[in-house]
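J.: Same order as they appear, the protein sequences are chains G, E and L.
Reminder that position 90 of the first sequence reads as 90 in our numbering, one-by-one numbering, no gaps.
Reminder that position 198 of the second sequence reads as 198 in our numbering, one-by-one numbering, no gaps.
Reminder that position 287 of the third sequence reads as 287 in our numbering, one-by-one numbering, no gaps.
Don't read these hints as lab results, they were simulated from the structure.
Fair warning: this is a prediction, and the values are worked out from it, not measured in the lab.
Among the hints, a few may not be true.
[Said to hold, decoys possible] Below, in silico cross-link-like pairs of lysine-lysine (DSSO-like), each with a Cα-Cα straight-line distance of 30 Å or less:
#, chain 1, residue 1, chain 2, residue 2
1, L, 129, G, 50
2, E, 254, L, 129
3, L, 129, G, 193
4, L, 173, L, 77
[Unchecked claim] Covered by chain G, according to a simulated footprint, are these stretches of chain E (three or more residues, beta-carbon under 8 Å):
#, stretch
5, 105-118
6, 173-180
In this text, a Cβ means the ideal position worked out from N, Cα and C, and glycines have one as well.
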Amino acid sequence: MRLAVLLKTVPDLVEELALDEDARTLLFDEMSYVPSEWDDQALEEALIIKEESGAEVTVIAVDTGDVDTMLFTALAKGADYAVKIVGDFDAAMSNWQKARVVADYLGRGDFDAVLSGVQAIDDVDGQLPGLVAGFLGWPHASVITEVRVAGGSHLQLRQEYAGGLVAELETVTPIVVGVQAARKPPRYASVAKVRQVAKSATIDEVEADVAEARLAGVEYVRPVAAGHAEMIEGDIDEVVDRIVAILEERNLLRRA
Amino acid sequence: MGPILIVLENGAAGVTEATKECVNKAKSLAAQLGTTTVAVGFGKQHVSDLRRLAVTKVVIASGGTMDLYNPDAYEKVLAEIFGNVKPYLTLIANTTMGLDLGAGLAGRTQTPLIAYGIDIEEQDGRLTAISQVFAGKLLARVPIPEDGAIVTVIPGSWPADNEAGDPEIEEWTAQDSEAMRVLRVVEPEQSDIDITKADILVSVGRGIEGPDNLPLAEDLAEALGGVVSCSRPVVDAGWLPKARQVGKSGQTVKPKLYLACGISGAPEHLQGMRDADLIIAINTDESASIMDIAHFGTTADMLELMPALAERLKGG
Amino acid sequence: MQKAKAIELDIAVVDGVELNGSWNRMFEPRVISEYDLSVLDSITQIPGAESLGYCYQCGKCTGVCPVDTVGDYSPRKVFRRTQLGISLIDSPDLWLCTTCRNCLRVCPKEVNMINIMPAVREQAVLEGKAPDELLTAFENTARYGNPIGESPRKRADWTKNAGVAVPIMSQRKAPVDVLWFVECYPSYHPRGKEASSALARVFDALSVDYGILGTEEKCAGDSQRMAGERGLFEMLAEHNIKMLSKYTFNQLVVTDPHAYNAFLHEYPKMGGEWPVQHYTQFLAERLNQVHFVKALNKRVTFHDPCYLGRHNGEYEAPRALLAALPGIDLVEMGHCRETSYCCGGGGGGMWMDSFTRDYASERLSERRVKEAIEYGAEILAVSCPYEVPRFEDAVKSTGHDGELQVMDIAELMAYCMGLNEALVLH
Ligand SMILES: Cc1cc2nc3c(=O)[nH]c(=O)nc-3n(C[C@H](O)[C@H](O)[C@H](O)COP(=O)(O)OP(=O)(O)OC[C@H]3O[C@@H](n4cnc5c(N)ncnc54)[C@H](O)[C@@H]3O)c2cc1C
Ligand code: SF4
Ligand code: SF4
């Protein structure tokens, strides 16, 4: 079984997002980036499958900035190969564009399953796994919390729905899976190991042309900010009223 | 201009609220733009609901495995219907089904997608979708392209539409999926509660005073459809198990609502919950640090407020 | 079964005197020691962990190990369990030692947990067997340069509220006498920031010519090293050495005894050698320039940080500063100086609170706070940035809220020098 895991970096929310408030644009060059947390889950699930069934794991990233550390870390954790798709790309590259170049690459290979984080904080123009599957015309399932090899060329997936229901799906390959959570928390790669891998391992570079983005004129604004909490005054009944109203406004009240 | 397409999701008691919310928005946008609304329903189980939807037309995809949600079969039939309807705008609730179908359909049909929508504004016949990105830290304002788009919508963005209508009905025969089979749908056994997966947390701190008061929190959590979590002293005292502890040495949580009751907001605690979507703090001390990161706060006594709030929520 | 091999030193050197042990050797193992020693061997083969094999079960360490007073753990027990075939790598024992160095002080066989623990932990980390909390701290440190996961860009933000100008080297562009290495908790933790502000005010009042690295500084990394992430430590050390090397200064002053330990013993091995003092040492030498204007009028006791005291032998400087405070009633606890208790934060303990709780009847910090209360102290003075948050938390959790204040020595000095209006700034 050959597994591909799509990894990407996203702006680090520990830092303030760099927003040009007047132009309503994101200053992509001024932000620091971290691996998307759901992709970490996808990688972990792939490594678990590898341990269970001897699958081969290839991690793939589009070169939108510094992705080498992320790829070396994945190799240090146990991935077999790392591929970096290079071209005239930058940090502002949209998911649609990433999905396009990734789909082209995957279409030329013979992967049985593609795993990636079910979502990421920056996918305003769609989630990577779904777009990739759509471009390739492959079946796809998201919000997956378990992937198992079920004999030959079948996989069993566990898909989660709202309200705690879970479906077990059986699928043929090739398939694209959006991973919500791995069966175990992502493993840790010690710094020494990552550094050693960075010295000894190689990242395969594959060239690609940048595709056109499909959304234009996207503007970013901050929602009304909170500094100190807005204090709710009044007696118990008034406080209850106000809290219920706040919850109602945000659709947090339990529905029938 | 093509119609507005709404993809309906089946719930236990009919079409889900989230999709009815999309119907509501689709109707008002269609009126503004002078176009029609088409809804796609799957399977026969809620067919009487489908026949009463207040939209122009309902396409009912049935046959094959349509009665049970199958990501692959649904995506394929939806792509066919999409090709036939040629909608200008497509609305899908951002649930598991929306995450499956939205991006999949976009990729298959080369239609632009806007994810995590919370609103769509109309001005001079031009639409702008507002979506919530970067964990809610920013809103993106996305002009909907001339040739239309698919928008996946966060549930709860609009009121649900419960109006009755008399739509034109079109039956659509769906094929089985050759790629994917649903083996079973189950309700997983609950081990202990996993607070990292809960949307709503009623979190109690030392202000709870003792284990005898815990039922007040449990009650409130139940009324809210959430679970109880806590700060470290509550675990230290043995009143709740360690799996319920939020913070640096406990769990990191990102619920939609974090109701902090009698928690001062020590840095070690904040480390585990500061990214919650909405934080409401109940703390008799207005200067407690929790108030610096909470969105709303009250200095009411939690031991009075918790039961009062639970009562109100249960009373309707 | 394999015969036990002799596990004692052939020759021990004690205070420069060579003691040949051959006359005392047990050439044939008695039945009682005929164990399968493969597990013990697998541990003592790890470079750095050899000395675990020297233990002859005298039990001296059990008497002094702070962890044993709240649990069931000491070097003697570690040896014994390993001898019986329980691998230290899989045992919770591996994560309980705070590397406080008290056992090494008394062990006749020089069983050295300060070397054993990081070596064996490194192996466990490689095998993915470390507590999750600890791994999160490692990941944060690797990513952000601090174990708390705070923004590296905000590392110098505390200076904005310090009340005095704090020079940052990259902006100052001139040589300084003192480079103050601030460290993480003093940069980010609310109470740590207050202590940093106090120290900045004291420096300012003494006209110290100093600067800080600001956002160019990363965690010194010593506790990560002790917790088993040597690679991370090396990466941090390389970074800090590179940054420090950009500037000209006469000496380093550190807030954190763990950083002090690193700069004294570890950084020089990696090419980063500068004269370094803990801030208490630096200030103690300048006490004659200090003008106190306010009396403290409190009963104060002092907790020796393991990495200033036992690890590096400095017991006098903090006491000299405290003794000079007007109106202080300084009282020593039973466990002080060489026999000081441990706050529980060292050796990675700071990041394993939840893990260690399962193996201890109470936290070391709680035990220490109770001792301070017993001695009637109103203030527990500290000089390590781990301690204010740990002890303040312990004061509350032991139900002594309001009875005992936990104060950094820098805060007490700033108060008595009239630089802080109140004891605690906020
Ligand atoms: C290494 C380390 C790790 C730690 N890890 C964690 C962790 O993972 N998670 C964690 O939570 N803590 C952790 N702590 C402990 C942390 O420092 C705090 O001590 C703890 O979070 C305080 O819990 P609290 O807010 O419930 O209690 P307190 O700080 O005592 O606060 C209680 C609050 O309740 C309010 N109150 C009292 N009565 C009422 C009432 N009737 N109505 C309304 N409000 C009331 C009070 O005003 C007060 O603000 C850690 C500490 C250390 C040193
Ligand atoms: S003091 Fe040393 S020799 Fe004695 S039991 Fe402890 S570790 Fe062993
Ligand atoms: S270093 Fe301290 S905690 Fe560790 S074993 Fe020795 S006495 Fe115990």
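J.: Hints first: check each against the structure and report whether it holds.
T.: Hint check results:
The straight-line distance between the Cα atoms of residue 129 of chain L and residue 50 of chain G is roughly 19 Å, inside the 30 Å bound, and the hint therefore holds. The suggested pairing of residue 254 of chain E with residue 129 of chain L holds, with an alpha-carbon distance near 27 Å, which does not exceed 30 Å. Among the hinted pairs, residue 129 of chain L with residue 193 of chain G is consistent with the structure: their alpha-carbon atoms are about 15 Å apart, no more than 30 Å. Restraint check for residue 173 of chain L and residue 77 of chain L: the C-alpha separation of about 54 Å exceeds 30 Å, so the hint is violated.
With 10 residues carrying a beta carbon less than 8 Å from a beta carbon of chain G, the stretch 105-118 of chain E meets the three-residue requirement, and the given coverage holds. Beta-carbon proximity to chain G at under 8 Å applies to 4 residues in the stretch 173-180 of chain E; the threshold of 3 is reached and the given coverage holds.
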